[in-house]
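J.: Build the full structure now, drawing on both the sequences and the hints.
Chains as they are written, first to last, in this note's numbering: chain A, 96 to 396; chain B, 1154 to 1591.
Bear in mind the hints are in silico, worked out from the structure with no lab data behind them.
Be careful, since some hints might not be right.
Simulated DEER-style distance windows between Cβ atoms [said to hold, decoys possible]: (1) B:Ser1285 / A:Trp177: 38 to 48 Å; (2) A:Met223 / B:Pro1343: 51 to 61 Å; (3) B:Asn1426 / A:Arg207: 44 to 54 Å.
Every residue, glycine too, gets a C-beta built ideally from N, C-alpha and C.
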Amino acid sequence: MATAVMTTLDPNSRSAARGMSDLTIRNLFIIPTIVFLIVFNIFPLLYSLGYSFTDFRASSPAPANFVGLQNYRELLNDPFIWSNFAITAKYVIVSVVGQVIVGFGVALLLNRDIPLKGLLTTLLLLPMMLSMAVVGLFWKLLYDPSFGIINYTLGLASFEWLSNPDMALYAVAITDIWMWSPFVMLLSLAGLSAVPKHLYEAAAIDRAGSFYTFFRITLPLVAPILMIAIIFRTMEAFKTFDLAYILTSQPTTEVISIRLYKMAFQEWQTGRSCALAYIVLIMILAITNIYVKYLNKVKER
Amino acid sequence: MRKTMTSMLAGIGLVLACGTSVYAQDKELTILWAEWDPANYLQELVNLYEAETGVKVTVETTPWSDFQTKAFTEFNAKGSAYDMVVGDSQWIGAASEAGHYVDLTDFFNKNNLKEVMAPATVKYYAEYPSDSGKYWSIPAEGDAVGWSYRKDWFEDPKEKEAFKAKYGYDLDVPKDFKALRDIAEFFNRPDEKRYGVAIYTDNSYDALVMGVENAIFSFGGELGDYASYKVDGIINSEQNVKALEAYKELYSFTPPGWAKSFFIEDNQAITENLAAMSMNYFAFFPALINEASNPNAKVTGFFANPPGPNGDQFAALGGQGISVISYSQNQEEAMKFLEWFIKEETQKKWAELGGYTASAKVLESPEFQNATPYNKAFYETMFKVKDFWATPEYAELLIQMNQRVYPYITGNQGTAKEVLDSLAADWNATFKKYNRVK
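T.: If you want it as structure tokens, here you go:
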């Protein structure tokens, strides 16, 4: 690859005239990024791994003591942490499944010749462009039991979306679905428009039903790109913080990142929160890996 | 999370910017406080200091929910952006043990502040550890929980008659928790969109815990023995179980969606005609007698937290002391400012502006007590206050209490006894972890 880059430098270009070699140019572009990555990503990552084996507290001048695996052991034995993980899992499933159904559904509706298709698609993308915090504050007003527009439209009187412990997580997930379905829709649209038309024609000639066409032609061909959307959304949903934090403070919506935030920046248990962050990281890596394996399988087909 | 990071970086940038401005002009002081009305009153007060001395003092504020995080992030980074902080009473253990606050014991003794300031404020805002004679803050904003109520609802002859018929005694300002409960039940009429009572339930910091404390302390209970760290048999005592049950019952008379409410919501309950009575800090009462912010200002009354079944009467302490930050580059200037701040005329002015002075003399003066409808209740309450743990690990204790109590109050999970037994175990484990108990 490197030689390919080197051979493509145009001998008449200005860079060549200045006497910059291909290598210099490559370094000029890559080194700052690598330095940035090392300083802001890799170094803190390794540093926090070290802290996760100590009882370090950033709020105290006391030196950190090595405690071995104690943080990990205690965290994995803490029933509250497990309930946080269970809540997160439930949230990820509800929110990602919802986004795929809504997003893919809207993409199917848009994947035909309709007037104002471009404008419609752009308008549908708007929720995704808003800030999480703004969306959270808006939806808090929409969900309000006394004056919220949702209860008013649905005629639900004073149904408590966010104060009801059983409903609150779904309310957060609904907001997330509203916000991120457009993302799934956008990727699905790209996938759908790439499906060759002649396949549908052939299916029509063979008198294949619409269900058969969908499950045998559309879905398999869109699957790889849909998988990418699902990977992204799963990772994001797993890390979700803003929406749940702003919308409600129910223990039933305390996803793992909120617990992590509280442990790190309210309790100042720096060492233990590093350990928890690593547990979360490993989980996300594992889940993503399963997806990627599956994605490769889908691609091979 | 990425957005949080961005805003954190922006925050760091801001802090750096402020830091450099301090270097540029040495006669400038910055005080960090939370974003609420008293901080605006303090800014007005310190403007007078600038007029007198030429030293510019700025009060920087941050929302309550972030206040603790922001202040301690700055302390932990040994940042010099702020010279003083009006820090929450529970912080004093964490901040003094970690060396974030300058030791003010000499200043305290020299100016005899133990006598000058009201005793509860010295005990909870300034001294750490308890009874050690070491002082870390100057009591600045005294505060405690009190109640506001709708005088027009209470004084309506029809209501009075109906109440007497139902409960057998006159409808009046509640004389104890039992009466508070009855009145809340009486006025709770969801079909009229009117509810009985507004209480604290937000579990993101200390709101819910302070609400529950009002019941616990007045029922004669304690959170634990602050000297020996003994909690078993104290936090899960019989009184506390009854107090927690009483608080849970009050929750059933709150407006719909009342599971994340703190001072803003509780004042809204009065201004928006939602509830007959509302729990809140005295610091938020000025907004309730102002007709611009409360259309019901003329018919809003106030009372102190009522006694429990055995006649004990206490309230949860709020309020803050002002401390000098160890990393400030302007400590000398800050001390000069404190000399000015504790003067009697400054404290008088502070009270006039709307601040709740901790100066015993000003508090006792008839001018202060008659200045507003709630000042007398405030004065009485300030001698009957108790506070949460002030140990460095208070944040863990707070979160544990939220984790146990919140699902019980708002979500019907478990019984009060189970909840408090589990909490005692949690707290005990935490104290063991920090070698407070064996």
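J.: What are the numbers of the hints that this structure violates, sorted from low to high?
T.: Hint 2 contradicted; others consistent.
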